[in-house]
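Engineer: The chain contents come next:
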Amino acid sequence: MIFLFTDFSYDDLYAGQLHASIASIAPEVPVVDLLHSVPNFNIRVGAYLLSALSETLPEEAIVVGVVDPGVGGPRRPLLLKVNGRWFIGPDNGLFNVLVRRAARLESYRIDWRPISLSTSFHGRDLFAPVAAQLAIGTLPECSSCDLAVPDPMAWPDVLCEVIYIDHYGNAVTGIPGGALEDSAVLNVRRRRIAYARTFCEAVPGVPFWYRNSLQLAEIAVSQGRACDALELKIGDRVAPTD
Amino acid sequence: MIFLFTDFSYDDLYAGQLHASIASIAPEVPVVDLLHSVPNFNIRVGAYLLSALSETLPEEAIVVGVVDPGVGGPRRPLLLKVNGRWFIGPDNGLFNVLVRRAARLESYRIDWRPISLSTSFHGRDLFAPVAAQLAIGTLPECSSCDLAVPDPMAWPDVLCEVIYIDHYGNAVTGIPGGALEDSAVLNVRRRRIAYARTFCEAVPGVPFWYRNSLQLAEIAVSQGRACDALELKIGDRVAPTD
Amino acid sequence: MIFLFTDFSYDDLYAGQLHASIASIAPEVPVVDLLHSVPNFNIRVGAYLLSALSETLPEEAIVVGVVDPGVGGPRRPLLLKVNGRWFIGPDNGLFNVLVRRAARLESYRIDWRPISLSTSFHGRDLFAPVAAQLAIGTLPECSSCDLAVPDPMAWPDVLCEVIYIDHYGNAVTGIPGGALEDSAVLNVRRRRIAYARTFCEAVPGVPFWYRNSLQLAEIAVSQGRACDALELKIGDRVAPTD
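So the sequence lines, in the order shown, correspond to chains E, Z and R. Going by this note's numbering, the residue at position 165 of the first sequence is 165; the numbering climbs one at a time, nothing skipped. Going by this note's numbering, the residue at position 183 of the second sequence is 183; the numbering climbs one at a time, nothing skipped. Going by this note's numbering, the residue at position 11 of the third sequence is 11; the numbering climbs one at a time, nothing skipped.
No wet-lab data here; the hints were simulated from the structure. All the pointers check out, no bait thrown in.
Since the list gives no way to pick out one identical chain from another, each pair is judged satisfied if it fits inside one copy or across any two copies.
Using 20 Å as the maximum straight-line C-alpha spacing, the simulated SDA-like pairs for lysine to any residue come out as follows:
#	residue 1	residue 2
1	Lys233	Gly205
2	Lys81	Ser24
3	Lys233	Asp12
4	Lys233	Arg191
5	Lys81	Gln133
6	Lys81	Cys145
7	Lys81	Arg104
8	Lys81	Trp112
If we strip away everything but chain E, and leave its shape as in the complex, we get (with noise of 0.2 Å):
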């Protein structure tokens, strides 16, 4: 089964068309939009989405994420096997926190190329054809690679930021809920945070965070929108204190 994750957005031209491509290939393969509203060109936010939608998939998926300024120019093809699960895109970030957490990692370059390779649609002419072509049985020609070891300082395991906001109005962070005691304060823009275990227990009106369905800690107002109550945006700094 094929997962995609990318910034294309549903509502417009490219997620229809890496559906195609993988149709023409992989007919009978079911094919799953996990995630099209990663924020355009945002790499960094989209490898901590990416590694926590991960953990919801089945063993055996196979995630084609695209999340790439960068295509036409020189970065690798990657296809690679983390914990069982085959992940292909572009080496440019995208799986780095992916990387970072893998307990079983093999890692390789995609040499296989299509007949026709556009010049700024690689998920289209080569990810996508290159997941069908693994969903059916047929790995096509690629070489085992060694990864660059991702910066632990520019990749950290705790992302002390917003990293998306959904369209409740929600502010999810980088911040692995494990990583905090409910007793934390989240303090984001000049305001402090306590903690509410779900939205019935939280005062309406007054922002709190939680551990969301991802196990990330996620800033929310029960019965209104965190986002314009606290003027959030992604990237907007959050300092956990006890």
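Position chains Z and R against the provided structure of chain E, taking the given hints into account.
Structural biologist: Same frame as chain E, but now just chains Z and R:
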């Protein structure tokens, strides 16, 4: 076949996880995104939209309905069989219009629980897996339960309100088209709206009402946007007069 | 395999009903959402986008194309076979660019009608069921028909206009990339736009044009939004000079 009906939005983190959850149990079962743009947390309009959309579904449909502001609180998880179709979701009113209009109704409380149940995403952890299991013929543990009879004052058959605004700017009401004569006039925001059979027969630029493809009265403007022309929003009162 | 091409938007009431309609007839047939963000009611740009996207589809594709402001009026329902692919939709110009460029063309009027045909949603009630029936090998009743030859002045091969703006802010034109030399300059809103091969080779912040993955000239800004930088909108004139 499974149908998803939520306020999750397509371009966000959640619909993809529903698909992944189903796919890990029932990869062969087709899943249709029926609607993910129910107005956020709006159980009331969700209930009317779900009832209208259900009429368009195959007899054997399995519907996951999630508009669930009280997730993590005490409401029961429900499995309903309404006129042959299955509905799975929270016992918070979302199924009230279906239930009121049901010719045949069976109701069950879902007793099965997943190994891991988040406090904030029962759609992924509970409702989607139940739908997937049902689709492959392994009904999870359930018990018959009684449903409160929806108060007909709170859940009228004719809801004289705007319940949805589409991306063309058309305003769907909760008034069944069959409840109105062609001579009926709809009063909304101090304007009087007359009937036209279809866009082609309406005067461009002049608001009109017609019976839409869900058999609901809808306010539209040929070659224009009704929601802008009339400053309509969800919940606005729409009063029919003859 | 069925592909959907509409102005219905994903996050709205209609795309899901197309899927449900197809699924009730042909549950085994994969359905791909090719594009649901054709600018509302814009048959003209829809025709150019459809022609460009069709090139990316498998030979045996069945395409449901619905941009249909005249639904409920007298236009004919069409079934076309263009270069081996099937197209189903209204006879309102949406297929004109495909037809003009067709090497092989068969055209049929759809005579089959569903038991219940709404006045406003022929996509769901007529076109989708025809596609589903075709996909499972039971062609519904049709008759050969003649198509009006599209006026080459109204439907030029090189359309010097912005036909689409994507969510990155890039502006797609109706000018085939092959019609331009690399030395060509595009004049748009009193600005002169020079060529770059790809984003990596463009100067950040300076608008450029390149041949996009649909083989159309596209105006973009590396690390920026062309539509904002140039205040572009659909229909804006784009004049090439050498």
